[in-house]
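Enquirer: Next come the chains, spelled out residue by residue.
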Amino acid sequence: MLVANLAGDIIVWFVWIAAAFTLLGSGMAVVLFQNPFYSALALILNLGSLAVLYLLLQAEFVAAAQVLVYAGAIVVLFLFVIAYLGGRADAPWAGSGRVRFIATAVATIAISAEIVVAVAIEADEGLATSQEISSSFGSPREIGELFLSNHLLAFEVTSIVLFIAAVGAAVLGAGARRRDAGATTTTEDTTS
Amino acid sequence: MSGPGIVAYLVLSSLLFGIGVAGVLLRRSPLIVLLALEIMLNASNLALVVFSRHWANGDGQIFALTVMVVAASEAVIGLGLIVAMSRRKLPLDVDKMAHMKG
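Residue numbers (the working numbering), protein chains in the order written: chain Z, 1 to 192; chain W, 193 to 294.
Just so you know, the hints here were simulated from the structure itself, not pulled from any lab data.
Don't take every hint at face value.
[As the list claims (entries may be wrong)] Some chain Z residues near chain W, calculated using beta-carbon distances under 7 Å:
#1 Leu43
#2 Ile115
#3 Ala118
#4 Glu142
#5 Thr158
#6 Gly168
#7 Ala169
[Stated by the list, open to error] Derived Cβ-Cβ restraints for the label pairs, each shown as a range:
#8 Z/Leu152 with W/Pro283: 43 to 51 Å
#9 W/Val259 with Z/Val76: 13 to 21 Å
#10 W/Asp287 with Z/Gly175: 23 to 31 Å
#11 W/Gly197 with Z/Ala170: 44 to 52 Å
#12 Z/Val67 with W/Lys281: 34 to 42 Å
#13 Z/Val161 with W/Asp287: 28 to 36 Å
#14 Z/Gly8 with W/Pro283: 48 to 56 Å
#15 W/Asp287 with Z/Val76: 24 to 32 Å
Cβ atoms here follow ideal geometry from the backbone N, Cα and C, with glycine treated the same way.
Extracted from the complex, chain W is given alone in its bound form (with noise of 0.2 Å):
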């Protein structure tokens, strides 16, 4: 494999996972929410696919694939709820949807 090696892109995959955490942890627009969890599959999917170039194995590919196609329902459900939200004038806010909290 030319270029750097796969702990590089290990290291580049958990770097760009943090990222996504931290969004989730610290904004509290339900949009950026969304944004930052796809940051986190990306970072995921990255993972698979040095993997599958590591192993020289097509099936983290398919992997990848996959996850792609669940983050794609993913944004569609999340968008349509915070539609849903907005349409009922609830705030944006993830820190005050906690009606369902024990």
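If we strip away everything but chain Z, and leave its shape as in the complex, we get (with noise of 0.2 Å):
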């Protein structure tokens, strides 16, 4: 028994390692990829590396969700953009700048202060011990009863938020055709 539990332990010792560094290291890839096509390929392995540590928190839903949601569609529709655009879509990196290099340093220190924020509770053994936690945690039928119980505002209000992004983005194509049938017969406007 405590042999199989040291095995389970160093597997997933395993996996949590292989699932970091691809995480942190296609994340790096899609910020520092020149050409967005390869940007957007480098988000789905960092969303996949993502699900496989949803996975190891036990919750299954999110995993599955997240694959769907963001490899399944996310990715996708920034793929037909990214072709509808063509090369247009390639940008330099920005140019230096006094706001930009303030804004950095205030991140770098934010972030840099959670992470000490963190490593100072676990010294302090704040958030040593996790809770116990039933084999059926995180599965559907739970989520479902929370969303569903608990979380039904929230859940009613979700669907109105993708109803109204779902309106704005028709809104945003439809008035984009009007103006490029406007746009042939008027002259260019919008050179600025």
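Build the complex from these two chains, which are given one at a time in their own frames, with help from the hints.
Expert: Put into structure tokens, the structure is as follows:
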């Protein structure tokens, strides 16, 4: 029993380290690639390794939703738009500026502060012991029960948000088409 | 919890968030900025799921799913804006989109 536990622990550690390095490496690849097409492909890897981490945390439904919603829908949408834009989507690195320098400094300080706080709490044993969970934790049944009992309002508001997003996308597309039709007869007024 | 503790996940999540911030600050293409935004939302999702596991409370996962919905809406609207920009032949460069600057 003890040997089996140890072997399981080693496998979990191995999977965690592999997923963590893939996560950070593909995240950097998203930012560093010049071509947005490769960035979107790296984002798929990023989301996949994040789903592996969710599985290690016994959040099975969130992991499945992550793969379906992100890799299945959002990244495909990104790839369609990148293909539509073609070479115009390429953009160089941003130039330097005082505002950007200050923003970078503030962001770096804030993020390192978060890491320091997390490590300090760990040293204080504040987060050392996790609560025990049942085997059904994170299953679709449990998530569904939570969504339809304690979080019913959030569930309903979610549908309204999705509806508004769909209407907004349709309005943006229709407005652009109308302007396209008008632009063929009138002069170009948008260059500035 | 077998494997690494909660702090390892939190450090990973903040590093991922930092990568997203760097992407928003350093790149000019609105597409890459949107991709970096998705990375930041995912980093916060990871922290939510970790704390949900730590306290054995499913509310964090509900929150993560809601964030996912918001991310999907944001991607749809953002990509719609980029396509509209491209149709109006505006430059796809966030540094040049400064009409509303005060």
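Enquirer: Against this structure, judge whether each hint is valid.
Expert: Here is how each hint holds up against the structure:
{"no.": "1", "hint": "Leu43", "in the structure": "6 Å, holds"}
{"no.": "2", "hint": "Ile115", "in the structure": "5 Å, holds"}
{"no.": "3", "hint": "Ala118", "in the structure": "4 Å, holds"}
{"no.": "4", "hint": "Glu142", "in the structure": "6 Å, holds"}
{"no.": "5", "hint": "Thr158", "in the structure": "5 Å, holds"}
{"no.": "6", "hint": "Gly168", "in the structure": "5 Å, holds"}
{"no.": "7", "hint": "Ala169", "in the structure": "4 Å, holds"}
{"no.": "8", "hint": "Z/Leu152 with W/Pro283: 43 to 51 Å", "in the structure": "45 Å, holds"}
{"no.": "9", "hint": "W/Val259 with Z/Val76: 13 to 21 Å", "in the structure": "20 Å, holds"}
{"no.": "10", "hint": "W/Asp287 with Z/Gly175: 23 to 31 Å", "in the structure": "25 Å, holds"}
{"no.": "11", "hint": "W/Gly197 with Z/Ala170: 44 to 52 Å", "in the structure": "47 Å, holds"}
{"no.": "12", "hint": "Z/Val67 with W/Lys281: 34 to 42 Å", "in the structure": "37 Å, holds"}
{"no.": "13", "hint": "Z/Val161 with W/Asp287: 28 to 36 Å", "in the structure": "30 Å, holds"}
{"no.": "14", "hint": "Z/Gly8 with W/Pro283: 48 to 56 Å", "in the structure": "54 Å, holds"}
{"no.": "15", "hint": "W/Asp287 with Z/Val76: 24 to 32 Å", "in the structure": "28 Å, holds"}
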